[in-house]
Every structure is written in C-alpha cells, then in structure tokens.
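Protein chains in written order, with the working numbering: chain A, 1 to 116; chain B, 117 to 233.
For the record, the hints were derived by calculation from the structure and aren't laboratory data.
Each hint should be verified, as a subset may be incorrect.
As the list claims (entries may be wrong) - Cβ-to-Cβ under 7 angstroms is the rule here; a few derived chain B residues that face chain A:
{"hint": "1", "residue": "Glu160"}
{"hint": "2", "residue": "Leu161"}
{"hint": "3", "residue": "Phe163"}
{"hint": "4", "residue": "Arg166"}
{"hint": "5", "residue": "Phe170"}
{"hint": "6", "residue": "Ala204"}
{"hint": "7", "residue": "Phe223"}
{"hint": "8", "residue": "Arg232"}
Remember, predicted model here, so these are calculated numbers, not experimental data.
By construction, the Cβ of each residue, glycine as well, lies at the ideal position given by its N, Cα and C atoms.
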Amino acid sequence: DAGVTQSPTHLIKTRGQHVTLRCSPISGHKSVSWYQQVLGQGPQFIFQYYEKEERGRGNFPDRFSARQFPNYSSELNVNALLLGDSALYLCASSTLSRSGYNYEQYFGPGTRLTVT
Amino acid sequence: AQKVTQAQTEISVVEKEDVTLDCVYETRDTTYYLFWYKQPPSGELVFLIRRNSFDEQNEISGRYSWNFQKSTSSFNFTITASQVVDSAVYFCALSEGGTGANSKLTFGKGITLSVRP
Chain A
1 DAGVTQSPTH LIKTRGQHVT LRCSPISGHK SVSWYQQVLG QGPQFIFQYY
51 EKEERGRGNF PDRFSARQFP NYSSELNVNA LLLGDSALYL CASSTLSRSG
101 YNYEQYFGPG TRLTVT
Chain B
117 AQKVTQAQTE ISVVEKEDVT LDCVYETRDT TYYLFWYKQP PSGELVFLIR
167 RNSFDEQNEI SGRYSWNFQK STSSFNFTIT ASQVVDSAVY FCALSEGGTG
217 ANSKLTFGKG ITLSVRP
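Sequences are here, hints too, so could you generate the full structure?
In structure tokens form, the structure reads like this:
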C-alpha cells in the first residue's frame, strides 16, 4: 500500500512569493495534518483537517492556509514568503477510531522549502 | 499547555550496546497519548510506538521497549542490542485527548543517536 505522498520534494522560492505544497494521504485516511520542521528542531503543528473541515490550527500567521479536498488530499499555501519559512514541511495522515480518537499519524517524506 | 522535553541531545554508542532515550512530558489532560518517532537522514518520520495514558503497562516489541511512568511524567524508550541502522533522530511526542479528530502532536526537540560499528 502506498504511504503518504507529498509534492514537490524540494522547492526554492524568493522572499515575497507564494508557495503551494501538496499531500495525498494513505488510502482510507480522512484526516490530514501539516507540520513545519525547522533544522535542528522537532516538527511544529500547523493545521489539521478532517472531512474537509479545519479541526485544529497551530500558532502560525495568517499567511499560512490550507484546505482538504473531497478525495482527502490537501494543500498547504504560504503567502508572502519570509526567509524564516525555510523548513521541511511534513504532511501526516491518520484515521479515526469508532470513539473518535485520531490514531497515530503517518508522515510523508516532506517538502524541503528554501526561501532566498 | 502541553510540553515535551528531551534533555539528551546527542548519544553515541557502539553497536550491540543498549541505549535508553529519555522523555518527560507536561499536560493538564487526564487522557493523552505518547509516541516515539524515528527520523533517519532521509527525513521521513517513522512511527515506532504509541502509549495511552490509562495503560501504564510496559512492553517489549522486538529490540524496542518502553517505560511509561505517570508518577514522574516520563516515557523512556530503550533499544536493545543497537545496530548501525538505528542511527537517526528520535522524537518523543504527546497528543492530548484526541477525540473529535483534533489531536495535534507536540514534539520534543529530538535526540540524535549515532551507533558506531
């Protein structure tokens, strides 16, 4: 079975530009989460989506937005890029238990974004 | 607010040694979940283990074992007979509650494990 896929793998952008990152979850998973991992740090939570609705948002500026599509894939958009946005962006998918608990999240390989 | 502390930053061992990775967490929830993830040089986070707050039974899975103690808010992870392929960054993570499809992970800063042949 295919795991979580992300595209592109690497991206170089200039300050002020906009970027769109894409994620396809594991088949059957309806929840997608996005994380930002700066070099040398643990991942930081950005968004979680379930059934196309935003279910959680981390402490990130409004320049960051996301959405989930009917096929459960997701996009992360970042506007007005800053040098500090350079990071590995990780997407994770998960499924729900009958009681509503979100099981362990499975991560994709990430998109390495460099802002110059 | 939830917090995960991994006080160790780098550990270096010789192959076949046992190694324990420490994790201390903070949370106000009575129901929470703890995880260990591994991040090899390729960058992809690999899920290793999950533990529920209401089950303190410690287990062994192959060369991996973990020690969960609510009294000290610790969730330590041990690799027995380490191998070179175990070299990676290991993250401890916490998820509070988790029902209702809202269960963000809070990660520690990670521990870099180097296993020398």
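Status of the hints after comparison with the structure:
1. The closest approach between the C-beta of glutamate 160 of chain B and any C-beta of chain A is roughly 5 angstroms, which is under the 7 angstroms cut-off, so the hint is satisfied.
2. With a cut of 7 angstroms, the hint placing leucine 161 of chain B at the interface with chain A holds, because the nearest CB-to-CB distance is about 4 angstroms.
3. Because the beta carbon of phenylalanine 163 of chain B sits about 5 angstroms from the nearest beta carbon in chain A, less than 7 angstroms, this interface hint is met.
4. Taking 7 angstroms as the C-beta cut-off, the interface hint given for arginine 166 of chain B holds, the closest approach to chain A being about 5 angstroms.
5. A hinted interface residue such as phenylalanine 170 of chain B counts as satisfied when its beta carbon comes closer than 7 angstroms to some beta carbon of chain A; here the least separation is about 12 angstroms, so the hint is violated.
6. Taken as an interface hint, alanine 204 of chain B does not check out: its beta carbon lies about 13 angstroms from the nearest beta carbon of chain A, beyond 7 angstroms.
7. Below 7 angstroms, beta-carbon pairs count as interface contacts, and phenylalanine 223 of chain B has one with chain A at about 3 angstroms; its hint therefore holds.
8. The closest approach between the C-beta of arginine 232 of chain B and any C-beta of chain A is roughly 22 angstroms, which is over the 7 angstroms cut-off, so the hint fails.
Checked against the numbered hints given earlier, this structure breaks hints 5, 6, 8; the rest are met.
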